[in-house]
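The listed protein sequences derive, respectively, from chains V and B.
Just so you know, this note's numbering puts 493 at position 493 of the first sequence, and the rest follows in order with no gaps.
For any residue, its number in this note's numbering is found by taking its place in the second sequence, counting from 1, and adding 535.
If you are wondering where the hints come from, they were derived from the structure by calculation, not from laboratory data.
Since we're looking at a predicted model, the values are computed, not measured.
Positions of the beta carbon are idealized from the N, C-alpha and C atoms, including for glycine.
One or more of the hints may lead you astray.
[Said to hold, decoys possible] Computed beta-carbon distance windows for the label pairs:
#, chain 1, residue 1, chain 2, residue 2, range
1, V, D55, B, N691, 34 to 42 angstroms
2, B, S972, V, E387, 50 to 58 angstroms
3, V, L412, B, R1062, 52 to 60 angstroms
4, B, N714, V, A510, 41 to 49 angstroms
5, V, P478, B, A837, 44 to 52 angstroms
6, B, P683, V, T460, 49 to 57 angstroms
7, V, Q142, B, D1011, 33 to 41 angstroms
8, B, L843, V, E387, 18 to 26 angstroms
9, B, E840, V, P155, 49 to 57 angstroms
10, B, D812, V, G376, 45 to 53 angstroms
11, V, E90, B, N714, 21 to 29 angstroms
12, B, S652, V, E90, 28 to 36 angstroms
[As the list claims (entries may be wrong)] Simulated crosslink set (EDC-like; lysine to aspartate or glutamate; CA at most 16 angstroms straight-line):
#, chain 1, residue 1, chain 2, residue 2
13, B, K693, V, E132
14, V, K158, B, E736
15, B, K685, V, E127
2 protein chains.
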Amino acid sequence: MPFSAKVADCLGFNNVICPETVPFVVSNVVPEYEQICLFKDTPKMSKSLPKRSEDYSLWYNELVKRAGLAENSAVRGCMVIKPYGYAIWEKMQRQLDDMFKRTGHENAYFPLFVPKSLFEAEEKNAEGFAKECAVVTHYRLQTDPDNPGKLRVDPNAKLEEELIVRPTSEAIIWSTYKNWIQSYRDLPLLINQWANVVRWEMRTRLFLRTAEFLWQEGHTAHATAEEALAETRQMLDVYAEFAEEWMALPVVKGVKTENERFAGALETYCIEGLMQDGKALQAGTSHFLGQNFAKAFDVQFANKEGGLEYVWGTSWGVSTRLMGALVMAHSDDDGLILPPRLAPVQVVIVPIYKTGQLDELKERIRPIQMGLLARGISVKLDDRDTERPGFKFAEWELKGVPVRLAIGMRDLDNGTVEVARRDTKEKLNLPLADIVSSIDLLLQDIQTNIYRRASAFRDTHTTRVESYEEFKQVLDGPGGFVVAHYDGTSETEERIKEETKATIRCLALAEPDEDGVCIVTGKPSTRRAHFARAY
Amino acid sequence: MPFSAKVADCLGFNNVICPETVPFVVSNVVPEYEQICLFKDTPKMSKSLPKRSEDYSLWYNELVKRAGLAENSAVRGCMVIKPYGYAIWEKMQRQLDDMFKRTGHENAYFPLFVPKSLFEAEEKNAEGFAKECAVVTHYRLQTDPDNPGKLRVDPNAKLEEELIVRPTSEAIIWSTYKNWIQSYRDLPLLINQWANVVRWEMRTRLFLRTAEFLWQEGHTAHATAEEALAETRQMLDVYAEFAEEWMALPVVKGVKTENERFAGALETYCIEGLMQDGKALQAGTSHFLGQNFAKAFDVQFANKEGGLEYVWGTSWGVSTRLMGALVMAHSDDDGLILPPRLAPVQVVIVPIYKTGQLDELKERIRPIQMGLLARGISVKLDDRDTERPGFKFAEWELKGVPVRLAIGMRDLDNGTVEVARRDTKEKLNLPLADIVSSIDLLLQDIQTNIYRRASAFRDTHTTRVESYEEFKQVLDGPGGFVVAHYDGTSETEERIKEETKATIRCLALAEPDEDGVCIVTGKPSTRRAHFARAY
Chain V
1 MPFSAKVADC
11 LGFNNVICPE
21 TVPFVVSNVV
31 PEYEQICLFK
41 DTPKMSKSLP
51 KRSEDYSLWY
61 NELVKRAGLA
71 ENSAVRGCMV
81 IKPYGYAIWE
91 KMQRQLDDMF
101 KRTGHENAYF
111 PLFVPKSLFE
121 AEEKNAEGFA
131 KECAVVTHYR
141 LQTDPDNPGK
151 LRVDPNAKLE
161 EELIVRPTSE
171 AIIWSTYKNW
181 IQSYRDLPLL
191 INQWANVVRW
201 EMRTRLFLRT
211 AEFLWQEGHT
221 AHATAEEALA
231 ETRQMLDVYA
241 EFAEEWMALP
251 VVKGVKTENE
261 RFAGALETYC
271 IEGLMQDGKA
281 LQAGTSHFLG
291 QNFAKAFDVQ
301 FANKEGGLEY
311 VWGTSWGVST
321 RLMGALVMAH
331 SDDDGLILPP
341 RLAPVQVVIV
351 PIYKTGQLDE
361 LKERIRPIQM
371 GLLARGISVK
381 LDDRDTERPG
391 FKFAEWELKG
401 VPVRLAIGMR
411 DLDNGTVEVA
421 RRDTKEKLNL
431 PLADIVSSID
441 LLLQDIQTNI
451 YRRASAFRDT
461 HTTRVESYEE
471 FKQVLDGPGG
481 FVVAHYDGTS
491 ETEERIKEET
501 KATIRCLALA
511 EPDEDGVCIV
521 TGKPSTRRAH
531 FARAY
Chain B
536 MPFSAKVADC
546 LGFNNVICPE
556 TVPFVVSNVV
566 PEYEQICLFK
576 DTPKMSKSLP
586 KRSEDYSLWY
596 NELVKRAGLA
606 ENSAVRGCMV
616 IKPYGYAIWE
626 KMQRQLDDMF
636 KRTGHENAYF
646 PLFVPKSLFE
656 AEEKNAEGFA
666 KECAVVTHYR
676 LQTDPDNPGK
686 LRVDPNAKLE
696 EELIVRPTSE
706 AIIWSTYKNW
716 IQSYRDLPLL
726 INQWANVVRW
736 EMRTRLFLRT
746 AEFLWQEGHT
756 AHATAEEALA
766 ETRQMLDVYA
776 EFAEEWMALP
786 VVKGVKTENE
796 RFAGALETYC
806 IEGLMQDGKA
816 LQAGTSHFLG
826 QNFAKAFDVQ
836 FANKEGGLEY
846 VWGTSWGVST
856 RLMGALVMAH
866 SDDDGLILPP
876 RLAPVQVVIV
886 PIYKTGQLDE
896 LKERIRPIQM
906 GLLARGISVK
916 LDDRDTERPG
926 FKFAEWELKG
936 VPVRLAIGMR
946 DLDNGTVEVA
956 RRDTKEKLNL
966 PLADIVSSID
976 LLLQDIQTNI
986 YRRASAFRDT
996 HTTRVESYEE
1006 FKQVLDGPGG
1016 FVVAHYDGTS
1026 ETEERIKEET
1036 KATIRCLALA
1046 EPDEDGVCIV
1056 TGKPSTRRAH
1066 FARAY
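Isolated chain V (complex conformation) (with noise of 0.2 angstroms):
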């Protein structure tokens, strides 16, 4: 059978033809129909997941794998992004993106090299990025004269230039802003690029710290500092409306102090979550760069006086680390939890029945599909005649697919189906009647409660010291945010973080000014910082 006929048999229907623009043969289906046969990569649990409680990172690692998210792949801190974990990375792009549009930027794609001159022109971003640099020293492999089908690199094609895979991109896109900021009239330039980076860490983590890794870079340049600055702040509330709404992960918001500051820039914000062990996550950055970019690149615009200016610059960016923090957040000792809203399957359907009773079934299982599908909500059906139930539904629980319908035959005679959700694991018996409309307000609910969930977990684990004893004592016991005083130096921060293994996250926009004393010092305090353990 044809693929595109397995998958519309999947549904039960065949190529219809709909309306279109234009007059030739169109293969349509229905919304989300793709859904239906994807994600067969599970593999066989053989065995239970590691307990949160026992072994946190041991967890993670496992969960992040046996629920086919990622792997770690034959080049060394790279990871493969398995289909069902490149499915809610999708989602995430595509929510992120329609806000990105929303704020008035375009997308557009730069070069994956940059020459080392380039690279070099911005010092502080240059000395940031240079100890973990994948560098392009040649263009060309030659048969091995040494070893006979084996190929090494050709000692006669050495570039004139070293190329830098880039770690980020300002230093290519500011150098192709110049040509393309002459006036006042060329500002705001708001552009976004989704692509990979690569930057060479020794130690890496799926998802969370890897060698290459996926994410969306803004870059965005100003008349005027106030401008930029407000577009800095502008995508930090971007960035926390998605870890929020859609992630359904509760963030603090803030500022970087100087030695958590991206290389090159006057000001780091960032949004912070918090993970079930009690360590925070950075998920997500927006930098004020002044006007550092625009002066090593000679970036200057006509204002309307007709004086020359340097152009003042934002970067910002979220990447696949978002997906760790998806996991970590609220996953539990039987798999992910996912938020429905980033589910790429938000149903499964496990039918139950007897031998020879399948087609029935699927048969009046059919309505219940539509009518899901018709609502816009991705839905599964689990027709594997070589699994039993029990072994569906512990799949399921691996893959966090927030609801799940087992439906039998006495069911659907009694009118009721039975409903498992997957964040409490409660089971409900709906009537069938409305079945659509409950599942639509049961995902609703699940992804406020997930939210909720999170939040009370955070408020919880964020507490307020006035100690360097209880400083310690709050870290080496629940973790989580530590909210104190502290003098405001490096020095100060260096020690703690040497002390302790916490850092300070951030100076929490929210924070009000507060006098007071530094835990450590005693010198006198303006306003309290989040410490914690991180990510």
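Using the hints provided, position chain B relative to the given structure of chain V.
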């Protein structure tokens, strides 16, 4: 004014709260709203484009740059895809991605780098790409002791094994598939990847041939040769459907000769389009890999009978090269002509007004804008007060916007709108009353017309010849496809190429078996080939 407010202001409304699945504040917008504020990077046209008839190649390059599609970058052979060009690519991606998913494929992401030992595992593939590979040899830079303020490669940070920047991903993907495939139940494996790849080409041209380009690459694995061949052919059909229905580009589907086959494939299928200068352009390829990669990477599966067999593979891809085909197939001496289905802006409205009238006129135009948006038609109101209508007309012609409305007070009073179509340059006065429906139909008509025009050109530039003399005359005259008998040997193919610069684009699938004699050697032939000079 914050940017989101600025966007909202373009449409005259502010954040609208709409029902959402989560009770957070959500900024909402109308569909396609984002088109409103896009693409202000058009350079002032200091002079008109070169003419196609005088210098087709120069015309193409200038058009790509001036229309804001792409430009050369600071990195040799790499381009910057500018926002307007990227917006078209995004539309292509979205549609192709939908088509891939409809045929059962899932997206995933594999590493950018291929360790040399994996790269060389499939010999023919390695040999085919070795001469144009960017190679990463080091992973760190350091301060250059001889050049303070400069960086150099850290000689102590040499990789143990060189990494090849992927020119294509068969090697890295098949080395992964080895772990994903054990049993017939794991098959077929239907994966696609959107990615950047690098081929160190010596002579590059924007979109058509660049050192780095963007593409998608499908990589599938099957239990039988028949199924893999069916997949290869199915994806060829998907590409052909996309080219014809979306790009309005008629294509010849066919199979490559051995000379032109993908390195490592048993068969390469392709779609070939014809450009306005009579040269062919390969727009997509779909490869039947046989068991070559399965054997090179030892990917075997247990069949239903419990025996071990090597897996059968396919791979298939289209790239940003399609952008070049799109430009060259339809555009004219005044600029781009974009098929409505891929045009980022489908309708531009140019207000015609006297000083002081603009605000009132915009108010009266708004219902037209909103009506078009509601119909899913992307529309831009060009309300710049700094440019005259004639300038705006020329600019939107350059950018290939399919439909232009010029609207003044008098038109509105008379209940008519002046409508210009980009493809034929016809102007119509259409009644205001059903303007939205009229424009919808007009866009469909433009899509069809562009396709028909390109088809007619292709047909009049496809010549069946019976002698080598005639063959050369056609090539040096009108050009296009020359359909001729040849004896099926690589020698004859090479000789023709050397003597005429024409290559066999494909053995067209629609070409019937036919007895004849080779135009060069007089030897017997059973099938005609499609020859052409090509990009």
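Kindly confirm whether 18 to 26 angstroms is satisfied by the beta carbon distance between L843 of chain B and E387 of chain V. Holds: the Cβ-Cβ distance is about 24 angstroms, inside 18 to 26 angstroms.
Can you let me know if the beta-carbon spacing of N714 of chain B and A510 of chain V is within 41 to 49 angstroms? holds, 47 angstroms
With respect to the beta-carbon atoms only, verify the hint that D812 of chain B and G376 of chain V lie 45 to 53 angstroms apart. holds, 47 angstroms
Looking only at beta-carbon atoms, does the pair L412 of chain V, R1062 of chain B fall within the given range of 52 to 60 angstroms? The hint (52 to 60 angstroms, Cβ to Cβ) holds, given that L412 of chain V and R1062 of chain B are roughly 58 angstroms apart.
When you check the alpha-carbon spacing of K693 of chain B and E132 of chain V, does it fall within 16 angstroms? Judged against 16 angstroms, a Cα distance of about 12 angstroms means the pair holds.
Just tell me: holds or violated, for the beta carbon distance of Q142 of chain V and D1011 of chain B against 33 to 41 angstroms? Holds: the Cβ-Cβ distance is about 38 angstroms, inside 33 to 41 angstroms.
Take a quick look at whether K158 of chain V and E736 of chain B sit within 16 angstroms of each other, Cα to Cα. Distance ~15 angstroms between K158 of chain V and E736 of chain B Cα, so the pair holds.
Assessment of proposed distance window 21 to 29 angstroms (beta carbons of E90 of chain V, N714 of chain B): holds, 23 angstroms
Range hint compliance [Cβ, S652 of chain B to E90 of chain V, 28 to 36 angstroms]: For E90 of chain V against S652 of chain B, whose Cβ atoms are near 32 angstroms apart, the range 28 to 36 angstroms holds.
Should the hint that P683 of chain B and T460 of chain V are 49 to 57 angstroms apart at their CB atoms be regarded as holding? Holds, since P683 of chain B and T460 of chain V (Cβ atoms, about 53 angstroms apart) stay within the stated range.
Quick check on a hinted range of 50 to 58 angstroms for S972 of chain B and E387 of chain V, using CB atoms only. holds, 52 angstroms
Could you check the hint for me, namely that P478 of chain V and A837 of chain B are 44 to 52 angstroms apart, CB to CB? holds, 50 angstroms
Checked against the numbered hints above, the structure violates none of them.
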